[in-house]
Amino acid sequence: MEPTNHISIHTFCQYHGIESRLIFTFQELGLVEIVEEDTELYLEEEKLSRLEQIVRLYKDLDLSPEGVEVVIGLLGKIEKLQEEKRILTRKLQKWE
Amino acid sequence: MEFIDYYKILEIDKNASAEDIKKAYRKLARKNHPDLNPNDKNAEAKFKQVNEANEVLSDPGKRKKYDQYGKDWKHADQFEKGGQRQSGSGGSGSSRAYSGHFTEEDFSDFFSSMFGGGGKTQNSGREGLKYKGADYKSELHLRLSDVFQSQKHTLTVGGKNIRLTIQAGIEDGQTVKIRGYGGEGTNGGPNGDLYLTFVVQNDTDFVREGNDLHTKLPVDLYTAVLGGEITVPTMDGKVKLKLITGTQNDTKVRLKGKGFPVYKEEGKFGDLYVTYQVEIPKNISEEEKVLFEQLAKLKYHGTN
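Protein sequences appear in the order of chains A and B. The opening position of the first sequence corresponds to residue 1 in the working numbering, with each subsequent residue numbered one higher. The opening position of the second sequence corresponds to residue 1 in the working numbering, with each subsequent residue numbered one higher.
Treat the hints loosely; a few may be bogus.
Facing chain A, according to a computed beta carbon distance under 10 Å, are these residues of chain B, among others [to be verified]:
id : residue
1  : 17
2  : 30
3  : 36
4  : 39
5  : 43
6  : 132
7  : 172
8  : 193
In short, the hints are calculated from the structure, not lab data. Every value quoted in this text rests on a predicted model; they were computed, and no experiment measured them. The beta carbon of each residue, even a glycine, is placed where N, CA and C say it ideally should be.
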């Protein structure tokens with residue numbers, strides 16, 4: 001198995017110009033997982049793109065963390081529906 | 001290179017206040033944000049324009065220069081020759097740090113010619129820290145007949161050549177992650193990854209459903225009634241099938257292992273389903289008509 005790389009919350013927040021408090025708020029909302037190792041707090045590298053999407057929504061669109069939670073939930077639903085649509089369209093081709 | 005009307009892009013007039021600009025930018029950003037419009041290239045392009053317009057108009061220095069030279073932007077460089085060129089740092093408060101879609105920050109040529117270098121100054125002050133490069137997303141368009149067999153492709157992404165073996169049986173819409181082929185890391189940080197989505201266009205007469213293929217095969221009336229041999233095209237050549245006497249329309253037969261290769265399982269194939277479509281003759285000659293009538297009489301009057 002590939003080793004999971006961890007990025008410290010401090011580094012992530014410095015890069016994106018956000019406060020670490022925001023990450024904890026996202027954690028409370030169940031949007032982010034934080035890993036604790038030797039009393040340091042880390043984020044998993046594999047999950048960074050998702051967190052970066054969350055941060056973009058928060059910053060670019062001026063949303064509240066709760067607003068971001070709603071958007072992420074709806075985006076997930078849209079993705080699921082699009083996948084279902086893709087499968088159904090392919091099945092329908094059979095009847096054309 | 002054309003003049004770009006940043007005011008028009010933000011749908012505001014030339015006297016718009018800083019607050020108006022901010023509002024207009026937010027509104028259009030919400031509408032066109034790539035995270036809210038996944039895979040929508042129009043929205044992505046619009047979002048880039050909106051960002052560029054905001055980059056200029058929200059910065060008093062840049063806005064002044066833009067307003068001053070406007071349509072004569074071509075001459076702006078001449079005015080500024082002699083070391084007067086703005087350094088480009090301009091004090092932009094923007095901290096757009098896209099590690100997702102927009103790392104290239106490809107502002108228009110117009111922007112570069114006027115302000116130099118593009119809006120990439122936000123990294124200043126971060127020297128010394130290692131960052132993973134941005135992830136890239138890309139699409140590779142293939143034909144269904146191409147992915148019947150594994151094949152090698154060479155792609156060029158961000159100036160780098162990637163030699164890729166595409167395994168037979170890859171699905172339409174499937175995304176693979178290619179580690180290290182995204183944007184370059186900062187200060188020796190690791191490169192980002194490339195997410196490559198395969199768009200597989202069906203150029204065959206088969207319908208693909210997972211690993212199975214489906215096809216409809218016309219069978220002439222006489223072969224269906226009397227039985228016989230027919231030739232069925234498959235992905236790797238033709239096969240002959242025996243038809244029993246009295247084969248019904250819409251009969252479906254399964255040809256085991258004649259479907260599509262199973263992804264990453266060499267030598268394993270799905271099945272091919274063939275549906276017979278018995279063709280009733282449309283224009284028959286007088287002679288055929290007489291013979292059909294004889295058949296009909298036999299059927300309804302029961303003589304032998």
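Tell me, in ascending order, the numbers of any earlier hints that this structure violates.
-> 1, 5
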